[in-house]
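Start from chain A and add chain B according to the hints.
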Amino acid sequence: MAMTESKEKGIIILAVDGNLDADGTLAMEEKVLALLEGGATQLLFDFSGLDYINSSGLRVLVLSYQRLKKVSGKVAICGVKDYIQEVFEVSGYDKIFSLYAERADALSGM
Amino acid sequence: MADNSVSFRMTNKQNCFKCFQPKVEEFGAAHDLPTKAIFHLTLSLDELVTNIISYGYADYDEHPIDVTISLSDDVITIRIEDDSEPFNIFEAPEPTFDVPLEDRESLGGMGIHLVKNMVDEIDYKREDGKNILLLKKKICEKCCPADG
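In order, the protein sequence lines correspond to chains A and B. Per the working numbering, residue 111 is the first one in the first sequence, and the count goes up by one each step. Per the working numbering, residue 16 is the first one in the second sequence, and the count goes up by one each step.
Source of the hints: derived by calculation from the structure; they are not laboratory data. One or more of the hints may lead you astray.
[Unchecked claim] Derived pair list, reagent style DSS-like, types lysine-lysine, alpha-carbon separation capped at 27 Å:
(1) A:K191 x B:K153
(2) B:K28 x B:K131
(3) A:K119 x A:K141
(4) A:K191 x B:K28
Quantities reported herein were computed from a predicted structural model and do not represent experimental measurements.
Excised from the complex, chain A in its bound form (with noise of 0.2 Å):
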């Protein structure tokens, strides 16, 4: 797994390639709680080199996701492959996230 963290239009960006198995998640949610609390209320996840994820995963997504309702921030996820996706349908939490196709429609979006 590896992550690369961006800014754009005030958005940060944190693209995840690889496996989001239990040690890249582990090291997600630790770069997650620290963008968090360095005051972040924009979160876009780039996940178009995204191979795996599991319930670990999508509950670090839900994490911010909390944390941003409660200061009216955003999160939003953009290039989920679509085995992927369907992980996100199954849970529910397809409604619960905007999901974008491509980065840039997420940026003007979001």
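Chain B only, in chain A's frame:
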């Protein structure tokens, strides 16, 4: 022709994902399984084994977790056998879908909910102090497009 079945033993003290993921990938490649099916199998094993390791043992000892993956007539079967506390997947609580996400205090149950949706058939039995779980998944191009 690739072997139609693969068996391996892990323990609750190992990083199990790193044990089984290559085996599922290898089995999938040998049998030309669709990417989506390989993902479903990996995710199901991940959620179930994580569950066993996180909640299954009352002691701190090392315990075996035995897995067999087999393919017969376009049906993949995963068998998981462990000596953890009895865990009947059918009695596991479902996520609290009726509570809005921002108010949900517990996010539990989602892993098992995903598993139930990733496979076509589940059988559970408790035998000789062991949990034996059988997951069956039908493989077909229509339900799992190769590029999916």
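Going down the list of hints, with the structure as the test:
1. Our distance criterion of 27 Å between C-alpha atoms is met by K191 (chain A) and K153 (chain B), whose separation comes to about 22 Å.
2. The suggested pairing of K28 (chain B) with K131 (chain B) holds, with an alpha-carbon distance near 26 Å, which does not exceed 27 Å.
3. The suggested pairing of K119 (chain A) with K141 (chain A) holds, with an alpha-carbon distance near 20 Å, which does not exceed 27 Å.
4. For the given pair, K191 (chain A) sits about 32 Å from K28 (chain B) by alpha-carbon distance, which is inconsistent with the 27 Å threshold.
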